[in-house]
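Chemist: Order-wise, the sequence lines are chains C and V.
Quick note on my numbering: the first sequence kicks off at 1 and runs consecutively.
Quick note on my numbering: the second sequence kicks off at 340 and runs consecutively.
Incorrect hints may appear among the rest.
[To be verified] Which residues of chain C face chain V? A partial, calculated answer using Cβ under 8 Å:
#1 S11
#2 A15
#3 G16
#4 L18
#5 I23
#6 L117
#7 Y119
#8 P145
#9 M273
#10 K326
[To be verified] Away from chain V, derived, C-beta distances all over 12 Å, residues of chain C:
#11 V104
#12 W143
#13 W300
[To be verified] Distance condition first, Cα-Cα at most 20 Å in a straight line; then the derived SDA-like pairs of lysine to any residue:
#14 V/K434 <-> V/V678
#15 V/K777 <-> V/F722
#16 C/K326 <-> V/F722
#17 V/K640 <-> V/H357
#18 V/K434 <-> C/T10
#19 V/K424 <-> V/I389
#20 V/K705 <-> C/V104
#21 V/K424 <-> V/V686
#22 V/K705 <-> C/V329
#23 V/K698 <-> C/R25
#24 V/K772 <-> C/V329
#25 C/K326 <-> V/A736
#26 V/K496 <-> V/V602
Because the hints were derived from the structure by calculation, they are not lab data.
Owing to the predicted nature of the structure, the values given are computational and were not obtained by experimental measurement.
Here a beta-carbon is modelled for each residue, glycine too, at the ideal position from N, C-alpha and C.
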Amino acid sequence: MYSKTLHISTSPHIAGGLSIEVIMRNVVWALVPVALFAVYTFGLNALMVLVTTVISCLLTEHFLCKISKKESTISDWSAVITGLLLGLTLPPIFPLWMAFFGGVIAIALGKFIFGGLGYNVFNPALVSRAVLQAAFPVAITTWFPAFTDNRFSVVNASVFTFPFMSPGVDGLSGATPLAAFKFDQVITNNSDLALGLISGSTGETCAVLILLGGLYLIVRNMMNWRIPVAILGTVLVLSGILHLIDSQAYPSPIFMLFSGGLMLGAIFMATDMVGSPITSLGVLIYGTVIGILVVVIRIWGGLPEGVMYAILLGNALSPHIDNLVKPRVYGTVKQPQQS
Amino acid sequence: MLNFRTNTFKNGIHPPEHKRETNGLPIRQFPFAPVIILPMVQHIGAPSKIMVVEGQEVVRGQLIAQADGYVSVPMHAPVSGTIRKIVNVPTISGKMAPGIFLEAFPSSTQEVQEGTPVNLESATTEEILQGIQNAGIVGLGGAAFPTHVKLKIPEGKHCEVLIINGIECEPYLTTDHRVMLEQAQDIFTGIRYLLKATGATRVIIGIEANKQDAVDHLEANIPNDLQVSIKVVPVKYPQGSEKMLITSLLDREVPSGGLPIEVHAVVVNVATTAEIGRLLPHGRGIQERVITITGPGIKKKGNYLIPIGTPLRYVLEQVGVDGEISEVYMGGPMMGTAVSNLDISIVKGTSGILAFTEKDVIRPEKIYPCIKCGACVDACPLFLNPSRLGILAKFEAYDQMTEHHLMDCFECGSCSYVCPAHIPLVQYFRLSKSIVRKRQAAAKQTLEYVQ
Numbered sequence: 001m002y003s004k005t006l007h008i009s010t011s012p013h014i015a016g017g018l019s020i021e022v023i024m025r026n027v028v029w030a031l032v033p034v035a036l037f038a039v040y041t042f043g044l045n046a047l048m049v050l051v052t053t054v055i056s057c058l059l060t061e062h063f064l065c066k067i068s069k070k071e072s073t074i075s076d077w078s079a080v081i082t083g084l085l086l087g088l089t090l091p092p093i094f095p096l097w098m099a100f101f102g103g104v105i106a107i108a109l110g111k112f113i114f115g116g117l118g119y120n121v122f123n124p125a126l127v128s129r130a131v132l133q134a135a136f137p138v139a140i141t142t143w144f145p146a147f148t149d150n151r152f153s154v155v156n157a158s159v160f161t162f163p164f165m166s167p168g169v170d171g172l173s174g175a176t177p178l179a180a181f182k183f184d185q186v187i188t189n190n191s192d193l194a195l196g197l198i199s200g201s202t203g204e205t206c207a208v209l210i211l212l213g214g215l216y217l218i219v220r221n222m223m224n225w226r227i228p229v230a231i232l233g234t235v236l237v238l239s240g241i242l243h244l245i246d247s248q249a250y251p252s253p254i255f256m257l258f259s260g261g262l263m264l265g266a267i268f269m270a271t272d273m274v275g276s277p278i279t280s281l282g283v284l285i286y287g288t289v290i291g292i293l294v295v296v297i298r299i300w301g302g303l304p305e306g307v308m309y310a311i312l313l314g315n316a317l318s319p320h321i322d323n324l325v326k327p328r329v330y331g332t333v334k335q336p337q338q339s
Numbered sequence: 340m341l342n343f344r345t346n347t348f349k350n351g352i353h354p355p356e357h358k359r360e361t362n363g364l365p366i367r368q369f370p371f372a373p374v375i376i377l378p379m380v381q382h383i384g385a386p387s388k389i390m391v392v393e394g395q396e397v398v399r400g401q402l403i404a405q406a407d408g409y410v411s412v413p414m415h416a417p418v419s420g421t422i423r424k425i426v427n428v429p430t431i432s433g434k435m436a437p438g439i440f441l442e443a444f445p446s447s448t449q450e451v452q453e454g455t456p457v458n459l460e461s462a463t464t465e466e467i468l469q470g471i472q473n474a475g476i477v478g479l480g481g482a483a484f485p486t487h488v489k490l491k492i493p494e495g496k497h498c499e500v501l502i503i504n505g506i507e508c509e510p511y512l513t514t515d516h517r518v519m520l521e522q523a524q525d526i527f528t529g530i531r532y533l534l535k536a537t538g539a540t541r542v543i544i545g546i547e548a549n550k551q552d553a554v555d556h557l558e559a560n561i562p563n564d565l566q567v568s569i570k571v572v573p574v575k576y577p578q579g580s581e582k583m584l585i586t587s588l589l590d591r592e593v594p595s596g597g598l599p600i601e602v603h604a605v606v607v608n609v610a611t612t613a614e615i616g617r618l619l620p621h622g623r624g625i626q627e628r629v630i631t632i633t634g635p636g637i638k639k640k641g642n643y644l645i646p647i648g649t650p651l652r653y654v655l656e657q658v659g660v661d662g663e664i665s666e667v668y669m670g671g672p673m674m675g676t677a678v679s680n681l682d683i684s685i686v687k688g689t690s691g692i693l694a695f696t697e698k699d700v701i702r703p704e705k706i707y708p709c710i711k712c713g714a715c716v717d718a719c720p721l722f723l724n725p726s727r728l729g730i731l732a733k734f735e736a737y738d739q740m741t742e743h744h745l746m747d748c749f750e751c752g753s754c755s756y757v758c759p760a761h762i763p764l765v766q767y768f769r770l771s772k773s774i775v776r777k778r779q780a781a782a783k784q785t786l787e788y789v790q
């Protein structure tokens, strides 16, 4: 002890334990059951889409770090989350080359162009999904029925469409519950919705598993519970009111909650810490705005599903919410006006 | 929104307490070191003025340095012995300061020279404050601000509540806990002096719930003629800071940039109170203080009564350390200072000595960018936005930082503690604050020059 030099640092000398890497890894754990169920529902097709998006995100991130002469950041797990989330929002028979392209877009355009992790304005997976929807409107609305008998042995041909070719449309038999309602006024059974026994994007189907994943993250203090509560609460109340006014024209709130990408979006995408406001009140406002947008787009918009655009708009609003909603600093009477 | 009174402040953190290791160990007297080193800067304010010469013999308790002005305190010999050298000595901040090397007599006893007692019944407010200054008392919680200055109620203000701070929210430290268990009578005597000095009409002793035995002990020993209320508050860091404690106990907020007296309160640390109660009736000066020595690198952990000026090296030799210690802190792990060499000595503000070995220290390997998770916002007891301040600090945008209330930050470190990106937030703020202060001083100087 007497000859050794002592290490000096400024206080605090202890730290709380959580780290970004641990948080991100746990988000991946929470998403794994959702992804497994998607594979169980849609078979090999879904597995291939998911693997493609994850690999594509990791490769893009690694490559971009290398060419900008930075240390590779793939070890922080955030690219895995982006890849998984993107894959889960795509239809199960989405052509793989498009899925791969989606992963590149998510990382390059959704995250890297802003400066990497922490600086992105929008959720990278949703940015990519929006680009894919604009670029490949047919492929991204080509659904596939769940639980086909040969789902573990036969891969749908459209998955292997050559790059820059359009897939032959052959899977159109399974319309999503939201599309069925919007265009054909068909209501899907509630328990089928909750358990995911329906057609839809790979990961948008089993609400129960998504809720459990979210609950795990909330218990581990890795997710802000206010965001999903505000979004789902707003959708529940707003669509409940509409349903009470006219139960024929407007679907029941339970149907609204469990259909489409709302669960996945509210729990795993809107809660992206980077794109959401920082204060508790700000987060509640953010969630409420997203909830309202979801209902408005679904009911009065031209698209059957509005979660993606609702969250992207919410992301765009969150810096402004942060500027407007500042907590009153201790010992000051009024919130001082600053810009 | 509904406001539920929870008798605590909002936000804050819960670091592991590590108090069990020492909170059951009674205070033990530490032996005199062969040579005691007394820096003249042991408090906030002007350094004490040395009144002895080399070769002079002094007795324990004798005045050896006097206060240099109002915001300063005198110093007393912690041990009988010979003044060997008067030179610059190293201090914890790394700066050298004027100091005294005092070689103890081998036969030195615990006996202390008496001074002029301050009579509780007949003394005026001014005499009590003078007595506190004469005793060399500073805040023993760690800030080391001269207590008589703090107790001086400014013209036009009045003190309604005297708060005795027995919170001790820093992990590991148990000195205040032991003082409350072992020096109850001194505390109550100190409270009598403080009541007279401040003119307060009521007294609250604030204690965290993890020190129930101290609560019970004090409760049982309150003198019949003294009105004292003891309030137990939930365990949370940084409850021991004046602002947080006032909010916890009184539900009042100290105005930004203001002192507790603005909300008619004065907060005094419980060990400081006990010291006042022990020293003033005898007119003595402070010669020693209770220090918790703990941490994974220490063999004989405990609470020790150590003479001021005892060299840190001697202290560690006495308690025994693990050969591998890599870090030594003075104070707690949240706000204490890391020691760069063992040749500095114990000062009045030293509340704890912590030694860690290489394997006990978790140092973040990598700093990530801020992901705006808001953990720091939920931890900051002053409702600042450390995330935003941290980004501004990176861009050296000090003016904007000041607008975001940088100068309100009292550096509790809760933001750095919770940050999952391991961003050294409070470290940025500490640096930024010193830069802002320097700029403000420079601006003031320029202004004076121009006028």
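Chemist: So, for every hint listed, does it hold in this structure?
Modeler: Here is what the structure says about each hint:
Among the interface hints, the one on C/S11 holds; its C-beta lies about 5 Å from the nearest C-beta in chain V, closer than the 8 Å criterion. With a least beta-carbon distance of about 6 Å to chain V, the hint placing C/A15 at the interface is held under the 8 Å criterion. Annotation: C/G16 was flagged as interfacial toward chain V, and the flag holds, the nearest CB pair being 5 Å apart, inside 8 Å. Residue-level restraint check for C/L18 holds (minimum Cβ-Cβ distance to chain V is 5 Å; threshold 8 Å).
With its C-beta approaching chain V no nearer than about 6 Å, C/I23 sits inside the 8 Å limit, and its interface hint holds. Proximity of C/L117 to chain V holds as hinted, the smallest CB-CB distance being about 6 Å (cut-off 8 Å). Hint status for C/Y119: holds, given a least beta-carbon distance of 7 Å to chain V, under 8 Å. Here the hint on C/P145 is broken, as its CB sits about 39 Å from the closest CB of chain V, past 8 Å.
The beta carbon of C/M273 comes within 4 Å of a beta carbon in chain V, closer than 8 Å, and the hint placing it at the interface holds. For C/K326, the suggested interface contact is upheld, since its CB lies about 7 Å from the closest CB of chain V, less than 8 Å. The Cβ of C/V104 lies farther than 12 Å from every Cβ of chain V, with a closest approach of about 22 Å, so its non-interface assignment holds. Every C-beta of chain V lies more than 12 Å from that of C/W143, the closest at about 34 Å, which supports listing it as non-interface.
No Cβ of chain V approaches the Cβ of C/W300 within 12 Å, the least distance being about 32 Å, so the stated non-interface status holds. Proximity of V/K434 to V/V678 is assessed by CA-CA distance (about 12 Å); at most 20 Å being required, the pair is judged to hold. As the CA atoms of V/K777 and V/F722 are separated by approximately 25 Å, the hinted pair breaks the 20 Å bound. Between C/K326 and V/F722, the direct Cα distance comes to roughly 9 Å. Compliance with the 20 Å bound is thereby established for this hinted pair.
In summary, the hint linking V/K640 to V/H357 is supported, as the alpha carbons are separated by about 12 Å, within the 20 Å threshold. Taken as a hint, the V/K434 and C/T10 pair is honoured in the structure, with Cα atoms around 16 Å apart against an allowance of 20 Å. As the CA atoms of V/K424 and V/I389 are separated by approximately 12 Å, the hinted pair is consistent with the 20 Å bound. Between V/K705 and C/V104 the alpha-carbon distance is near 26 Å, which puts this suggested pair outside the 20 Å criterion.
For the hint linking V/K424 to V/V686, the alpha-carbon distance of about 18 Å falls within 20 Å, and the restraint holds. With a C-alpha separation of about 31 Å, the suggested pairing of V/K705 with C/V329 is violated against the 20 Å cut-off. A threshold of 20 Å between alpha carbons decides the hint, and for V/K698 with C/R25 the separation of about 25 Å lies outside it, so the pair is violated. Note on V/K772 and C/V329: the hinted pairing holds, with a Cα-Cα distance of about 17 Å set against a maximum of 20 Å.
Distance hint between C/K326 and V/A736 is fulfilled; the C-alpha atoms sit about 19 Å from each other, no more than 20 Å. Distance check on the hinted pair: V/K496 and V/V602 sit about 9 Å apart at the alpha-carbon level, within 20 Å; holds.
Consistency with the previously given hints fails for numbers 8, 15, 20, 22, 23, ordered from lowest to highest.
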